[in-house]
Amino acid sequence: MALAVVVSHTYSVTDGRVEQEPWFQTTGFTLGEHAVNGFFAISGFLVTMSFLRRGWRDYLVARLLRIAPGLIAATLVVALVLGVAMTTLDWRAYLADPRLWRFIWSTLTSFKSAAALPGVFGSNPFQFPMGTVWTLKYETLCYLGVLVAGLAGLLLRPRLALAAVMALVLAVVAREALAPHGAKSVETALRLPLIFAAGGLIYLYREKVPLSLPLLAVALVLLVPLSFTPLYKAALYLVTAWGVLVLSLAPSLTGRLAEPTADLSYGVYLYGWPIQQALHALMPAMPATALLVPSLLLSLVVAGLSWFLVEKPALGLKRRLLGAR
Numbered sequence: 000m001a002l003a004v005v006v007s008h009t010y011s012v013t014d015g016r017v018e019q020e021p022w023f024q025t026t027g028f029t030l031g032e033h034a035v036n037g038f039f040a041i042s043g044f045l046v047t048m049s050f051l052r053r054g055w056r057d058y059l060v061a062r063l064l065r066i067a068p069g070l071i072a073a074t075l076v077v078a079l080v081l082g083v084a085m086t087t088l089d090w091r092a093y094l095a096d097p098r099l100w101r102f103i104w105s106t107l108t109s110f111k112s113a114a115a116l117p118g119v120f121g122s123n124p125f126q127f128p129m130g131t132v133w134t135l136k137y138e139t140l141c142y143l144g145v146l147v148a149g150l151a152g153l154l155l156r157p158r159l160a161l162a163a164v165m166a167l168v169l170a171v172v173a174r175e176a177l178a179p180h181g182a183k184s185v186e187t188a189l190r191l192p193l194i195f196a197a198g199g200l201i202y203l204y205r206e207k208v209p210l211s212l213p214l215l216a217v218a219l220v221l222l223v224p225l226s227f228t229p230l231y232k233a234a235l236y237l238v239t240a241w242g243v244l245v246l247s248l249a250p251s252l253t254g255r256l257a258e259p260t261a262d263l264s265y266g267v268y269l270y271g272w273p274i275q276q277a278l279h280a281l282m283p284a285m286p287a288t289a290l291l292v293p294s295l296l297l298s299l300v301v302a303g304l305s306w307f308l309v310e311k312p313a314l315g316l317k318r319r320l321l322g323a324r
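The sequence shown begins at 0 in numbering that gives the first Met the number 0 and counts up one residue at a time.
Hints may be right or wrong, so weigh each one.
As the list claims (entries may be wrong) - Calculated pairs, EDC-like style, for lysine to aspartate or glutamate (alpha carbon to alpha carbon, straight line, at most 16 Å):
| # | residue 1 | residue 2 |
| --- | --- | --- |
| 1 | Lys183 | Glu18 |
| 2 | Lys311 | Asp262 |
| 3 | Lys317 | Asp57 |
| 4 | Lys136 | Asp57 |
Stated by the list, open to error - Listed next, with one range per pair, are the computed distances between beta-carbon atoms:
| # | residue 1 | residue 2 | range |
| --- | --- | --- | --- |
| 5 | Val220 | Leu308 | 42 to 50 Å |
| 6 | Leu150 | Gln126 | 25 to 33 Å |
| 7 | Ser184 | Glu18 | 16 to 24 Å |
| 8 | Val185 | Arg91 | 37 to 45 Å |
| 9 | Gln126 | Pro209 | 21 to 29 Å |
| 10 | Ala84 | Ala176 | 44 to 52 Å |
| 11 | Ile71 | Pro209 | 38 to 46 Å |
| 12 | Leu304 | Pro209 | 37 to 45 Å |
| 13 | Leu214 | Trp22 | 37 to 45 Å |
| 14 | Leu281 | Leu214 | 42 to 50 Å |
| 15 | Val220 | Ala284 | 36 to 44 Å |
None of these hints come from the bench; they were simulated from the model. Yeah, the Cβ is synthetic: ideal placement off N, Cα and C, and Gly gets one too.
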């Protein structure tokens with residue numbers, strides 16, 4: 000799914016328009032947005048499982064070690080390595096510019112995607128070099144939601160979790176009925192928590208939720224007539240959450256897949272955008288289709304370095320921090 004985000008962003012990086020990105024015209028969302036939705040569904044399922052199986056201490060440490068080290072490393076690499084290489088300023092002036100340090104601070108403390116670096120990507124349609132980190136704000140809030148719900152015992156009462164998901168569904172439907180062209184930020188603030196919560200709910204009802212590819216095909220077909228109603232987006236979010244987990248967990252599919260030796264998804268997600276921005280800045284005449292292959296290859300290489308040098312060692316600290324369990 001992280002690679003799908005890179006594919007999607009190849010179009011907006013080159014001309015600043017999302018309208019030409021894959022799937023936008025047919026579904027109302029870009030391929031990248033669908034991929035992020037999938038991330039949140041899987042995350043909701045897995046972190047709910049993590050809390051219930053391991054407890055709150057393990058949960059907190061695991062979430063912190065999964066998010067923070069990779070983000071810190073990526074922010075510093077982009078700001079202090081890529082930024083120095085790409086800035087139009089003298090490197091001394093660049094390092095002395097307060098905007099550089101504000102960029103690092105705002106990215107790490109508030110997941111600000113729209114922060115720019117001095118003299119970097121000034122001719123690109125988008126000037127900001129860390130364009131994907133905004134979703135980490137919602138991811139972190141969802142993690143906190145699971146923590147609060149778990150400590151309150153709500154995760155042991157699936158019906159209450161179901162009620163919470165239905166409340167979010169009603170909020171999405173109400174927005175579409177009353178203000179369908181309202182602020183994108185409101186849509187996002189409802190969409191991502193709903194999909195995350197739906198993923199968690201599927202874990203709670205895992206013994207009852209069918210993992211059926213034929214049923215998924217039927218659900219996708221049924222979305223078509225709903226696309227003209229206020230029910231469409233809520234239905235799309237729920238089908239997305241369930242569908243991604245069907246594709247991830249269905250025995251007919253998972254039995255054929257080998258366990259990956261490295262998890263490159265987070266690294267691809269973090270580094271894909273700055274790599275694409277740099278390639279476009281260096282070769283502004285290159286169309287999106289030509290930019291795609293080098294973007295994917297470089298993103299995978301850098302993500303591999305991130306995994307083996309930063310993320311995997313950081314995850315190994317969990318046993319030391321918590322003790323052998």
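Each hint, compared with the structure:
{"no.": "1", "hint": "Lys183 x Glu18", "verdict": "holds (14 Å)"}
{"no.": "2", "hint": "Lys311 x Asp262", "verdict": "holds (9 Å)"}
{"no.": "3", "hint": "Lys317 x Asp57", "verdict": "holds (8 Å)"}
{"no.": "4", "hint": "Lys136 x Asp57", "verdict": "violated (21 Å)"}
{"no.": "5", "hint": "Val220 x Leu308: 42 to 50 Å", "verdict": "holds (45 Å)"}
{"no.": "6", "hint": "Leu150 x Gln126: 25 to 33 Å", "verdict": "violated (41 Å)"}
{"no.": "7", "hint": "Ser184 x Glu18: 16 to 24 Å", "verdict": "holds (19 Å)"}
{"no.": "8", "hint": "Val185 x Arg91: 37 to 45 Å", "verdict": "holds (44 Å)"}
{"no.": "9", "hint": "Gln126 x Pro209: 21 to 29 Å", "verdict": "violated (47 Å)"}
{"no.": "10", "hint": "Ala84 x Ala176: 44 to 52 Å", "verdict": "holds (50 Å)"}
{"no.": "11", "hint": "Ile71 x Pro209: 38 to 46 Å", "verdict": "holds (41 Å)"}
{"no.": "12", "hint": "Leu304 x Pro209: 37 to 45 Å", "verdict": "holds (40 Å)"}
{"no.": "13", "hint": "Leu214 x Trp22: 37 to 45 Å", "verdict": "violated (22 Å)"}
{"no.": "14", "hint": "Leu281 x Leu214: 42 to 50 Å", "verdict": "holds (47 Å)"}
{"no.": "15", "hint": "Val220 x Ala284: 36 to 44 Å", "verdict": "holds (42 Å)"}
Taken one by one, the earlier hints fail for this structure at numbers 4, 6, 9, 13, listed in ascending order.
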